[in-house]
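Following the hints, position chain R against chain F.
If you're matching them up, the sequences are chains F and R in order. Read left to right, the first sequence gives residues 194 to 391 (the working numbering). Read left to right, the second sequence gives residues 194 to 391 (the working numbering).
If you are wondering where the hints come from, they were derived from the structure by calculation, not from laboratory data. These numbers come from a predicted model, not from an experiment.
If several chains are the same, the list does not tell them apart, and a pair holds so long as it fits within one copy or across any two.
Computed cross-link-like contacts, SDA-like style, restricted to lysine to any residue with a CA-CA straight-line distance of at most 25 Å:
#1 Lys330 <-> Tyr293
#2 Lys330 <-> Val286
#3 Lys216 <-> Gly370
#4 Lys216 <-> Leu247
#5 Lys216 <-> Glu234
#6 Lys330 <-> Glu288
#7 Lys216 <-> Gln245
#8 Lys359 <-> Asp318
Protein chains: 2
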Amino acid sequence: MAMPSALDELVAALRCLPGVGPKSAQRMAYHLLQHERRGAERLAAALTRALQTLHPCARCNNFTEAEICERCLSPQRDPTQLCVVEMPADVNVVEQSQAYRGLYYVLMGRLSPLDGVGPRELAFDRLLARASDGVVKEVILATNLTHEGEVTAHYLAEMLHARGIKVSRLARGLPLGSEIEYADAASVAQALLDRRDY
Amino acid sequence: MAMPSALDELVAALRCLPGVGPKSAQRMAYHLLQHERRGAERLAAALTRALQTLHPCARCNNFTEAEICERCLSPQRDPTQLCVVEMPADVNVVEQSQAYRGLYYVLMGRLSPLDGVGPRELAFDRLLARASDGVVKEVILATNLTHEGEVTAHYLAEMLHARGIKVSRLARGLPLGSEIEYADAASVAQALLDRRDY
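The shape of chain F in the complex, shown without the other chains:
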């Protein structure tokens, strides 16, 4: 007996959210039913609409409602630069930096052989086709500075070099505002290796 099944199903369904275990799914379900019925209705509608309308942009692979997203179609952007990131959230962060006016390509992941994610799963051939359109002059690899991100960048760099495309990588070093005393040894080592003339 115990809980009614519409409630069980809601708790189970909430567990598809990242980082949501059984306890917090239960807490969320009760919260929605008691305090957020409007919010829950809105969420159901937003999920349905998002699933129906959002799909990968034919050019940058980011989510869009059109065939090609607004950013890829914008005449304001420099089409000779292509910045490759792992995830859509990374695009937002690069945009916020206001230091880039080129276009993007979103891998939707990173190489991770242990999880069965290889070049095929990430559709590297689509990125290579995109980068070889004759307009792109430089590919900027902005994958994460993690082990998997570095391996992904290295692999992509090899493939792009083989096609004669200029490739660059985000600078590694110490974050702005950081104090040497508290920096990790690997970042200090990298900052020394990549030191620039002053």
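Frame of chain F; chain R shown alone:
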């Protein structure tokens, strides 16, 4: 420009979930769209169904799909004991203890004057009517052992006593398996005050 509006709306709608801020709402939206499209579909359906079918049980105030929930109707339960808890999740925990076979009443909150939650908002009159049905012999107050839970229990005890109903409170003391050395002073004090003959 930037993000398309079905995505914006999904991110905004996810923020009705407790403990979900802008960053995690965005992460959840991308996760659902990329890895959990089935899960998102299921969640939308479960939300809609739960909103349509779940409402408070006429007897215990817990969520149910029927007018009176299965537990309140069960002949296996002792109708002379009524356990008052703050939230539906508390019912589940008391059930798991396997130490109680009576019925429940769920307040759906606790007294919290600063948040504008008083006896009227918690519909104490409904609980009093429920406890005065002539069958209930004892009301066990199982509100939290927090300041607000204690105030709620105290207030309810006064009202129930005034109607000549027997009232009890969960025992306060040291948790099973705990070591005195690491116990907090308030719990030790309570355990001393409420010491039992051996």
